[in-house]
Amino acid sequence: MSTGNIYETITEIAKRRGFFWPSFEIYGNIAGFTTYGDVGVKLKRNIEAQWRESFVRRQGFFEIEDPIVNSSKVFEASGHLANFKEYAASCSQCGRGFRADHLIEEKTGMEHVEAQGGDAIKRLLVENNIKCPVCGGALKEPTLVLTMFQTQIGATGTEVGYMRPEAAQGMFTNFKRCYQANRERIPFAISQQGKVLRNEVSPRRGMHRLREFTIMELELFFDPQNPACPWFKDVEEEKVRLYTEEMEEKGAKEPLEITIKEAVAKGLVITEWQGYFMGVGKRFMQSLGVPPERQQFRAHLPQERSHYSSQTFDHEVYTKSWGWIEVAGHANRTDYDLKAHQKGSGVDMSVLRKDGTRFIPHVIEPSYGADRLMFVAMETAYELRETAKEKRTIFRFPRNLAPYQVSVQPLVTKDGLPEKAMTVYDTVLAEGYRAVFDDGGSIGRRYARQDEIGTPLAVTIDYTTMEKGIITIRERDSWEQVTVHVDELPARLHAYFRGAEFRSLGQLVVRGAE
RNA sequence: GCGACUGUAGUCUAGUGGUUAGGAUUCUGGCCUUCCAAGCCAGUAACCCGGGUUCAAAUCCCGGCGGUCGCACCA
Numbered sequence: 001m002s003t004g005n006i007y008e009t010i011t012e013i014a015k016r017r018g019f020f021w022p023s024f025e026i027y028g029n030i031a032g033f034t035t036y037g038d039v040g041v042k043l044k045r046n047i048e049a050q051w052r053e054s055f056v057r058r059q060g061f062f063e064i065e066d067p068i069v070n071s072s073k074v075f076e077a078s079g080h081l082a083n084f085k086e087y088a089a090s091c092s093q094c095g096r097g098f099r100a101d102h103l104i105e106e107k108t109g110m111e112h113v114e115a116q117g118g119d120a121i122k123r124l125l126v127e128n129n130i131k132c133p134v135c136g137g138a139l140k141e142p143t144l145v146l147t148m149f150q151t152q153i154g155a156t157g158t159e160v161g162y163m164r165p166e167a168a169q170g171m172f173t174n175f176k177r178c179y180q181a182n183r184e185r186i187p188f189a190i191s192q193q194g195k196v197l198r199n200e201v202s203p204r205r206g207m208h209r210l211r212e213f214t215i216m217e218l219e220l221f222f223d224p225q226n227p228a229c230p231w232f233k234d235v236e237e238e239k240v241r242l243y244t245e246e247m248e249e250k251g252a253k254e255p256l257e258i259t260i261k262e263a264v265a266k267g268l269v270i271t272e273w274q275g276y277f278m279g280v281g282k283r284f285m286q287s288l289g290v291p292p293e294r295q296q297f298r299a300h301l302p303q304e305r306s307h308y309s310s311q312t313f314d315h316e317v318y319t320k321s322w323g324w325i326e327v328a329g330h331a332n333r334t335d336y337d338l339k340a341h342q343k344g345s346g347v348d349m350s351v352l353r354k355d356g357t358r359f360i361p362h363v364i365e366p367s368y369g370a371d372r373l374m375f376v377a378m379e380t381a382y383e384l385r386e387t388a389k390e391k392r393t394i395f396r397f398p399r400n401l402a403p404y405q406v407s408v409q410p411l412v413t414k415d416g417l418p419e420k421a422m423t424v425y426d427t428v429l430a431e432g433y434r435a436v437f438d439d440g441g442s443i444g445r446r447y448a449r450q451d452e453i454g455t456p457l458a459v460t461i462d463y464t465t466m467e468k469g470i471i472t473i474r475e476r477d478s479w480e481q482v483t484v485h486v487d488e489l490p491a492r493l494h495a496y497f498r499g500a501e502f503r504s505l506g507q508l509v510v511r512g513a514e
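The first sequence maps to residues 1 to 514 in my numbering.
Cut-off 27 angstroms, straight-line C-alpha distance, at most; resulting in silico cross-link-like pairs (DSS-like, lysine-lysine):
id	residue 1	residue 2
1	K233	K266
2	K320	K42
3	K239	K266
Here are the computed distance ranges between Cβ atoms for each label pair:
id	residue 1	residue 2	range
4	K391	K15	15 to 25 angstroms
5	R434	K468	22 to 32 angstroms
6	R498	R177	35 to 45 angstroms
7	H485	R434	17 to 27 angstroms
8	K266	S345	37 to 47 angstroms
9	D355	G267	19 to 29 angstroms
10	W231	S350	18 to 28 angstroms
11	D415	N29	45 to 55 angstroms
12	R503	E383	13 to 23 angstroms
For the record, the hints were derived by calculation from the structure and aren't laboratory data.
Heads up, the beta-carbon is just placed ideally off N, CA and C, and yes, glycines get one too.
Based on the provided sequences and hints, a complete structural model is requested.
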């Protein structure tokens with residue numbers, strides 16, 4: 001067991017138990033790529049399912065699945081090809097690399113130099129006689145750093161494609177078909193979960209910044225003249241911890257605690273829809289185990305915002321490993337993207353109002369990163385429990401988030417107990433639960449193993465099972481046990497995973513008093 | 001991308017020019033075992049990659065790749 005910090009401890013367990021590990025290990029790793037193991041895949045899928053439950057299913061929103069490799073035309077139109085560039089200048093003398101636009105800004109006091117484009121940056125570097133800030137050497141001509149992965153489509157390689165850096169463009173380029181499938185009603189939303197790729201300059205901290213990761217995005221299309229959200233009441237009383245743009249500028253240390261309702265009423269959050277999704281996002285995060293006091297929303301200052309956004313709040317979560325980290329962006333993308341694709345493709349993206357006028361829908365986008373959330377879920381659930389004899393790792397995942405829900409095991413591996421346990425295991429599987437059978441080592445060892453992958457319940461078959469059909473259910477969090485007849489097991493599992501108290505499942509076992 | 005530190009079984013580590021590369025733990029098999037990593041026996045399993053120095057490199061040097069931290073970056 002590592003004596004290091006919680007991040008090291010979790011990554012160690014992750015490798016050992018099969019949550020995740022660095023990709024391409026046998027050939028030497030490449031930073032920014034992660035492979036999920038069995039329990040990791042299951043945990044991640046459960047997070048994705050929970051997101052879908054929170055953001056899509058209840059509202060009846062749409063889902064799509066769009067290619068990862070996109071036509072270059074998509075990103076020409078969206079502005080990514082122009083905005084995903086970074087100009088880096090390196091020193092001919094000491095070899096150090098710098099952001100060319102930042103050097104210009106330092107020297108001249110200009111702002112947003114990057115937006116002026118590469119030619120301007122090259123010219124400004126020369127005009128202002130900018131040298132290496134470390135050794136004073138001459139700077140080489142700036143080189144373009146594109147943070148989108150480029151590829152060739154087809155054998156001839158004449159068609160250039162790009163790996164999508166966000167899933168959102170699929171919702172915009174397919175907007176018209178989805179709108180029609182929704183019988184031309186608005187507001188409505190299109191969502192997508194999928195892999196996206198960003199060729200990060202410097203991936204760090206494992207899951208925190210990956211080059212290939214899973215994004216969970218939703219684009220809500222609405223009429224700016226009718227910006228009401230019909231579900232707003234569901235979340236309006238939710239309190240959120242908020243840093244407004246003004247607070248950010250002043251460097252406020254403590255967030256505003258405010259209900260969604262007030263935040264929208266006071267204009268701190270511009271639209272009801274954005275407020276709604278922030279409230280949904282807060283609840284979603286709670287469903288992953290993150291309490292409200294470890295969540296906050298932080299406004300982007302204008303110069304921080306993406307090229308498409310008029311207002312953005314990062315949804316941040318406090319982690320022991322890294323402090324506050326961004327797990328989502330809640331952006332007001334206005335009509336930027338649909339307009340851009342209308343211009344790029346020549347296809348009319350406007351929709352018809354009842355009064356006969358036409359408009360291009362505005363868009364609110366909540367965008368969550370699944371991989372970061374998986375780490376957050378693990379860190380939040382992590383407990384090191386000290387007993388008289390040892391230190392035990394427990395992942396106290398919310399019941400339905402756990403990779404496996406039930407483990408089944410014989411108390412001892414003789415006298416027909418393993419065979420009986422196998423029939424119980426089959427029953428649990430037939431009921432649809434994610435279950436694991438374990439007959440290795442002692443009973444204590446098996447409980448410890450299940451604690452370490454966060455399995456909420458363990459079902460043990462002992463001699464009373466053979467005699468009377470009574471089994472023991474043991475709970476991960478409390479280490480308490482109840483007994484129940486094996487015929488009752490499916491109903492009790494059902495109750496537990498719908499939220500029933502553990503002790504209500506059966507007769508509480510008191511060891512040592514027997 | 002820059003700097004500092006760093007890379008030994010699945011995991012954690014000892015070893016710092018010549019070792020059968022040691023230990024702990026996990027894991028597998030066996031014995032045992034009527035509820036929390038018990039015990040006993042056996043077994044599998046490692047020097048990040050590529051050059052160089054040397055009679056000899058896990059050990060020293062250079063480069064690459066990875067990791068941690070700091071700076072920068074995070075559209």
